[in-house]
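Chains as they are written, first to last, in this note's numbering: chain H, 505 to 707; chain R, 505 to 707.
The reader is advised that the hints may include incorrect statements.
A pair counts as met if it fits within one copy or between any two copies, since identical chains are not told apart.
Stated by the list, open to error - The calculated lysine to aspartate or glutamate pairs, modelled on EDC-like cross-linking and capped at a C-alpha distance of 20 angstroms, are:
#1 LYS632 <-> GLU596
#2 LYS527 <-> ASP646
#3 LYS632 <-> GLU655
#4 LYS527 <-> GLU596
#5 LYS642 <-> GLU657
#6 LYS570 <-> ASP524
#7 LYS642 <-> ASP598
#8 LYS527 <-> GLU547
#9 LYS550 <-> GLU577
#10 LYS642 <-> GLU578
#11 LYS570 <-> GLU582
#12 LYS550 <-> GLU683
#13 LYS550 <-> ASP524
#14 LYS570 <-> GLU547
#15 LYS642 <-> ASP661
It should be emphasised that the hints constitute simulated quantities derived from the structure, not laboratory data.
There are 2 protein chains.
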Amino acid sequence: MSLRHALLALLTARPMTGYDLAKQFDVSVAYVWHAPHSQIYPELRKLEASGLVSAESTPRGSQATKRTYSITEEGRAELRRWVEEVAPPLPERDAAHLKATYYEFGSFANARRQFEGHLAYHQRQQLKWQIHVAQLEKHDTDLLRRRLAIEPEHTHDAIVAYKVHVYRGLVERARVEVEWAREGLALVDRLEAAETARRSAGD
Amino acid sequence: MSLRHALLALLTARPMTGYDLAKQFDVSVAYVWHAPHSQIYPELRKLEASGLVSAESTPRGSQATKRTYSITEEGRAELRRWVEEVAPPLPERDAAHLKATYYEFGSFANARRQFEGHLAYHQRQQLKWQIHVAQLEKHDTDLLRRRLAIEPEHTHDAIVAYKVHVYRGLVERARVEVEWAREGLALVDRLEAAETARRSAGD
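Using the sequences and the hints given, assemble the complete structure.
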């Protein structure tokens with residue numbers, strides 16, 4: 505149910521078409537909640553059917569129309585309800601760590617390749633989130649500028665600070681994964697050196 | 505597909521009934537990959553149908569029989585194949601952090617309650633994983649003792665070290681979440697104090 509609430513939150517900045525929403529989604533929500541665009545359009549229609557957003561059709565060119573969605577009062581109430589809801593934590597499901605538990609069934613080269621992939625992925629994530637923290641701190645995203653333009657000034661600190669806190673937390677988490685992968689590579693080196701020493705002692 | 509491979513890995517320690525497997529699952533794999541017991545039994549039957557495990561029926565009491573599963577050579581090959589497969593990272597889907605991005609739509613009391621829940625949960629996880637690291641380091645789990653009893657001694661270091669590395673990584677990750685929640689609580693205090701000051705200045 506997170507996608508529908510993320511869409512409602514995006515629409516608090518300004519009314520948007522499905523196309524605008526998808527674009528904004530990719531440079532904000534998607535950093536923490538991945539969803540393909542193909543899920544966004546059906547979700548918008550469901551939100552409209554339940555009265556949480558309203559849509560206005562305006563002509564685009566001479567043939568087509570475009571639909572612009574706005575959040576309704578009911579939509580704002582539903583957004584607040586969701587934010588105030590304490591959700592149970594998701595069950596642990598970590599495929600990378602599960603597999604690493606069993607690296608002894610593969611080769612040292614495999615363990616190394618796996619840790620290297622983990623390292624590269626989390627370095628990219630860390631960088632992406634660092635850039636987003638810097639953008640948020642400078643109010644340098646279209647969405648945040650529009651939100652701040654319509655909200656009373658005394659609310660600006662909270663609006664920015666919660667988002668910065670989230671992305672700083674993700675940067676830290678990525679940093680831990682990067683470190684874990686580096687230590688994993690050092691572990692493989694150690695295990696392989698011991699194995700090489702054992703084999704040459706056996707010769 | 506992680507559950508089936510985790511079951512294969514468990515069976516490398518010794519042949520087990522479905523009941524034994526479910527019990528062992530809860531004190532090993534489940535720390536990193538949650539699955540309800542109701543998924544384990546059908547998965548075992550699928551593994552048997554594909555020849556990755558074999559089952560032997562023996563009488564239990566005068567009426568019932570119990571089925572004991574063993575990993576086959578094909579099962580060992582499939583386990584190695586999975587360990588050597590580089591899986592793409594799962595898309596980011598972090599419901600807690602997504603919601604925290606929007607805490608300004610709720611009250612300070614709500615933000616505090618959410619961070620407190622996050623803190624308590626990750627403190628429990630951290631403790632659970634710390635205990636498991638200590639168990640693994642002392643070879644103090646039934647599964648690990650049985651694995652080590654049947655594997656050549658020169659492989660013991662890798663068998664233990666990969667597992668210890670995984671659970672140490674999870675301890676570190678939980679530590680980051682605990683810290684993030686604590687800093688979140690400090691942020692709420694700061695925002696609420698500023699809001700209180702603003703209101704009394706307005707009086």
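Looking back at the hints listed earlier, which ones does the structure fail to meet?
3, 7, 10, 11, 12
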